[in-house]
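Visitor: Sequences listed follow chains A and B, in order.
Here my numbering runs 2 ahead of the position in the first sequence, where the first position is 1.
Here my numbering runs 2 ahead of the position in the second sequence, where the first position is 1.
Derived from the structure by calculation, the hints contain no laboratory data.
Any given hint might turn out to be false.
The list treats identical chains as one, so a pair stands whether inside a single copy or across any two.
[Claimed, not checked] Cross-link-like lysine to aspartate or glutamate pairs, in silico, DMTMM-like; alpha carbons within 25 Å at most:
| hint | residue 1 | residue 2 |
| --- | --- | --- |
| 1 | K25 | E139 |
| 2 | K325 | E114 |
| 3 | K46 | E298 |
| 4 | K46 | E107 |
| 5 | K25 | D183 |
| 6 | K352 | E160 |
Protein chains: 2
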Amino acid sequence: MSAIDFSIEKKDGSSRARLGSLKTPHGSIATPIFMPVGTQATVKAMTPEELREINTQIILANTYHLYIRPGHELVERLGGIHSFMNWRGPILTDSGGFQVFSLGELRKIKEEGVTFQSHVDGSYHFISPEISIAIQEALGADIIMCFDDCPPYPAEREHVSKSMEMTTRWARRCKEAKKRDDQALFGIVQGGMYRDLRERSALDLCETGFDGYALGGLSVGEESELMYEVMDSCSALLPEDKPRYVMGIGTPEDLIEAVYLGYDMFDCVMPTRNARNGMLFTSFGRLNIRNACHAEDPAPIDPDCGCYVCRNYSRAYLRHLFKAGEILASRLNTYHNLHYYLSLMEGARKSIEEGRFSQYRQEFYQRRNGLGPGAGGFS
Amino acid sequence: MSAIDFSIEKKDGSSRARLGSLKTPHGSIATPIFMPVGTQATVKAMTPEELREINTQIILANTYHLYIRPGHELVERLGGIHSFMNWRGPILTDSGGFQVFSLGELRKIKEEGVTFQSHVDGSYHFISPEISIAIQEALGADIIMCFDDCPPYPAEREHVSKSMEMTTRWARRCKEAKKRDDQALFGIVQGGMYRDLRERSALDLCETGFDGYALGGLSVGEESELMYEVMDSCSALLPEDKPRYVMGIGTPEDLIEAVYLGYDMFDCVMPTRNARNGMLFTSFGRLNIRNACHAEDPAPIDPDCGCYVCRNYSRAYLRHLFKAGEILASRLNTYHNLHYYLSLMEGARKSIEEGRFSQYRQEFYQRRNGLGPGAGGFS
Numbered sequence: 003m004s005a006i007d008f009s010i011e012k013k014d015g016s017s018r019a020r021l022g023s024l025k026t027p028h029g030s031i032a033t034p035i036f037m038p039v040g041t042q043a044t045v046k047a048m049t050p051e052e053l054r055e056i057n058t059q060i061i062l063a064n065t066y067h068l069y070i071r072p073g074h075e076l077v078e079r080l081g082g083i084h085s086f087m088n089w090r091g092p093i094l095t096d097s098g099g100f101q102v103f104s105l106g107e108l109r110k111i112k113e114e115g116v117t118f119q120s121h122v123d124g125s126y127h128f129i130s131p132e133i134s135i136a137i138q139e140a141l142g143a144d145i146i147m148c149f150d151d152c153p154p155y156p157a158e159r160e161h162v163s164k165s166m167e168m169t170t171r172w173a174r175r176c177k178e179a180k181k182r183d184d185q186a187l188f189g190i191v192q193g194g195m196y197r198d199l200r201e202r203s204a205l206d207l208c209e210t211g212f213d214g215y216a217l218g219g220l221s222v223g224e225e226s227e228l229m230y231e232v233m234d235s236c237s238a239l240l241p242e243d244k245p246r247y248v249m250g251i252g253t254p255e256d257l258i259e260a261v262y263l264g265y266d267m268f269d270c271v272m273p274t275r276n277a278r279n280g281m282l283f284t285s286f287g288r289l290n291i292r293n294a295c296h297a298e299d300p301a302p303i304d305p306d307c308g309c310y311v312c313r314n315y316s317r318a319y320l321r322h323l324f325k326a327g328e329i330l331a332s333r334l335n336t337y338h339n340l341h342y343y344l345s346l347m348e349g350a351r352k353s354i355e356e357g358r359f360s361q362y363r364q365e366f367y368q369r370r371n372g373l374g375p376g377a378g379g380f381s
Numbered sequence: 003m004s005a006i007d008f009s010i011e012k013k014d015g016s017s018r019a020r021l022g023s024l025k026t027p028h029g030s031i032a033t034p035i036f037m038p039v040g041t042q043a044t045v046k047a048m049t050p051e052e053l054r055e056i057n058t059q060i061i062l063a064n065t066y067h068l069y070i071r072p073g074h075e076l077v078e079r080l081g082g083i084h085s086f087m088n089w090r091g092p093i094l095t096d097s098g099g100f101q102v103f104s105l106g107e108l109r110k111i112k113e114e115g116v117t118f119q120s121h122v123d124g125s126y127h128f129i130s131p132e133i134s135i136a137i138q139e140a141l142g143a144d145i146i147m148c149f150d151d152c153p154p155y156p157a158e159r160e161h162v163s164k165s166m167e168m169t170t171r172w173a174r175r176c177k178e179a180k181k182r183d184d185q186a187l188f189g190i191v192q193g194g195m196y197r198d199l200r201e202r203s204a205l206d207l208c209e210t211g212f213d214g215y216a217l218g219g220l221s222v223g224e225e226s227e228l229m230y231e232v233m234d235s236c237s238a239l240l241p242e243d244k245p246r247y248v249m250g251i252g253t254p255e256d257l258i259e260a261v262y263l264g265y266d267m268f269d270c271v272m273p274t275r276n277a278r279n280g281m282l283f284t285s286f287g288r289l290n291i292r293n294a295c296h297a298e299d300p301a302p303i304d305p306d307c308g309c310y311v312c313r314n315y316s317r318a319y320l321r322h323l324f325k326a327g328e329i330l331a332s333r334l335n336t337y338h339n340l341h342y343y344l345s346l347m348e349g350a351r352k353s354i355e356e357g358r359f360s361q362y363r364q365e366f367y368q369r370r371n372g373l374g375p376g377a378g379g380f381s
């Protein structure tokens with residue numbers, strides 16, 4: 003018996019896009035969906051109420067960061083992550099694998115697990131598949147992820163192959179270690195940009211059996227086209243009746259292509275991080291609010307956007323806030339960018355429901371550049 | 003005909019405290035009132051909606067900062083400060099006098115006005131009483147302030163006397179220069195800690211006649227007791243039927259004492275700035291959220307507080323956010339501290355209405371330290 007229940011409500015006629023419903027212990031999610039990233043048990047600059055206001059359905063929190071600070075045991079003693087951060091909807095935690103990979107020289111990987119140094123105080127730590135699951139069970143998210151090894155890109159086939167095989171063994175250990183039955187466990191497909199290794203990984207994970215399947219190790223420096231090829235080939239191998247999650251992507255284009263290829267869930271720091279740097283997403287492309295051309299512009303960020311920020315603030319004011327280093331700049335920019343990402347997925351769901359996703363995708367590219375899908379797109 | 007209309011609704015029986023109603027072009031204010039500081043056309047970390055949620059009635063914006071960035075002419079072209087920052091309630095702008103005084107070595111004061119260097123880019127600027135009024139008319143606040151010279155503390159009597167006399171001459175020039183009839187102009191009483199100079203200043207300003215009167219140059223390093231003495235003596239000299247404003251104060255104790263002495267309006271960066279440093283105000287005194295003792299504390303900041311933050315977040319979570327450097331820490335701490343200041347004044351108004359302000363003041367001190375008013379209090 004799985005802690006979640008996934009059903010496909012509608013399939014798009016001319017692509018692999020699908021409209022799904024994912025029931026979790028903390029509520030139902032309509033897919034495809036973007037998950038705002040709440041690394042340290044807060045989606046940077048946002049309150050839970052604001053997240054709800056822009057129709058956030060599920061958020062992601064980072065196991066590595068919460069393990070380091072404030073500690074998973076503290077979170078558990080305070081009632082778990084939902085209660086701790088006052089977000090009562092669904093939560094997914096990553097496994098810490100990618101975060102530890104990102105530490106570079108600070109970590110050492112063995113079959114048993116990974117030894118690494120904290121980015122906060124340099125102290126030494128060890129995380130194994132079993133420990134990752136224990137941490138994620140203490141945090142208490144609705145969906146937890148297998149501990150994986152993420153090879154760099156580019157990397158030798160031999161290296162990627164061994165890493166992928168270890169990730170598969172780790173996935174079995176994770177499933178074995180899991181105790182709570184109110185959490186779903188997703189496997190993570192690795193294999194770098196080698197299509198056959200990805201296929202091997204996907205098939206082995208499916209044989210073990212998980213509540214959902216993710217692609218890890220993408221958006222690590224490869225060309226979009228290559229990433230879409232990997233997504234394309236893996237999608238065909240993953241079971242229809244389980245949620246498919248591409249981790250750590252991406253641009254609005256990436257999300258549209260991933261939905262087109264049959265994926266259901268996505269997360270990325272791009273909308274939140276870029277917001278804090280003044281880079282805003284609009285229906286006509288990206289806009290840098292720092293630019294002098296916005297200094298006296300009374301227009302909203304995006305005249306076609308109906309969000310709180312676009313209804314109430316001018317580009318001139320937003321540029322002033324950014325130049326003045328005001329916290330409200332990060333707040334309003336984040337609110338708008340997340341609204342953009344969530345609306346993009348809402349539009350995708352609606353278009354799948356109405357059997358016109360390919361048209362939605364076409365219009366998305368037309369609005370942005372007057373052209374069809376870019377070099378990386380599938381047409 | 004004044005742009006504002008002030009009426010006293012009720013006087014406290016056993017003190018000079020008064021309940022007032024101040025009508026401005028952007029709405030009515032019940033006094034005594036604390037004005038959150040929105041230096042750069044934003045109350046740091048807060049949206050206008052949140053300010054309304056905690057019953058903010060009027061905010062203050064800083065003329066010097068807005069003159070420097072983004073420029074008063076830009077604000078004017080964008081429809082004035084209310085529209086620019088999306089705050090549709092009353093606004094008061096200071097004159098820039100105190101901010102320029104704070105620049106220290108970067109400014110040079112003459113009878114004509116003040117030459118100073120921008121804190122942003124070091125460029126040279128000149129502000130006279132006439133220019134200050136022109137800037138404030140471009141910004142378009144409901145209440146504007148006379149340009150004043152603020153002597154340091156301590157300072158020689160001779161220095162303070164000359165400075166005060168120039169401030170009086172500047173006040174007349176401000177009144178003369180003022181063109182807009184939809185803005186009220188307040189005079190600023192100076193004179194340092196010399197009671198007779200303060201009296202001279204107050205009487206001269208009253209003779210010229212302003213829509214309201216402020217005390218400037220307080221809370222600049224002097225003992226609380228000395229500040230309260232100055233407030234006490236000036237209050238008696240200022241007209242009953244005009245609003246009285248003590249600029250730049252202060253602690254919760256300062257506000258209670260100022261209300262007791264017959265003052266109506268206050269502003270201070272303390273609740274907002276301290277919030278960003280983790281210092282929180284409560285009914286039982288101050289609390290530093292950084293302290294390790296809060297690490298696992300599931301209690302709210304103040305169990306007697308009904309604000310959004312105290313209803314939804316634990317000290318443990320707030321400490322985590324602060325330690326992790328999260329923007330939400332500044333947001334929630336600011337929200338709580340401003341709510342505290344505004345509630346303190348709301349309680350003061352209610353107690354004046356019910357003829358029990360002295361009791362309210364007594365209880366305020368008792369809750370905080372189990373004692374009556376401190377050394378600086380008036381009992």
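Visitor: Hints first: check each against the structure and report whether it holds.
Guide: Results of checking the hints against the structure:
With identical chains, the CA atoms of K25 and E139 are at most 25 Å apart within one copy only, with a shortest distance of 19 Å there and 58 Å across copies. In this assembly of identical chains, K325 and E114 lie within 25 Å of each other by CA distance neither inside one copy nor across copies; the values are 49 Å within and 32 Å between. For a Cα distance limit of 25 Å, the shortest separation of K46 from E298 across copies, 22 Å, qualifies, whereas the shortest one inside one copy, 28 Å, does not. In this assembly of identical chains, K46 and E107 lie within 25 Å of each other by CA distance neither inside one copy nor across copies; the values are 27 Å within and 39 Å between.
Taking identical chains as interchangeable, the C-alpha atoms of K25 and D183 lie at most 25 Å apart only when both belong to the same chain, with a minimum of 14 Å there against 62 Å between chains. Taking the shortest alpha-carbon separations for K352 and E160, neither the intra-copy value of 44 Å nor the inter-copy value of 76 Å comes in at or below 25 Å.
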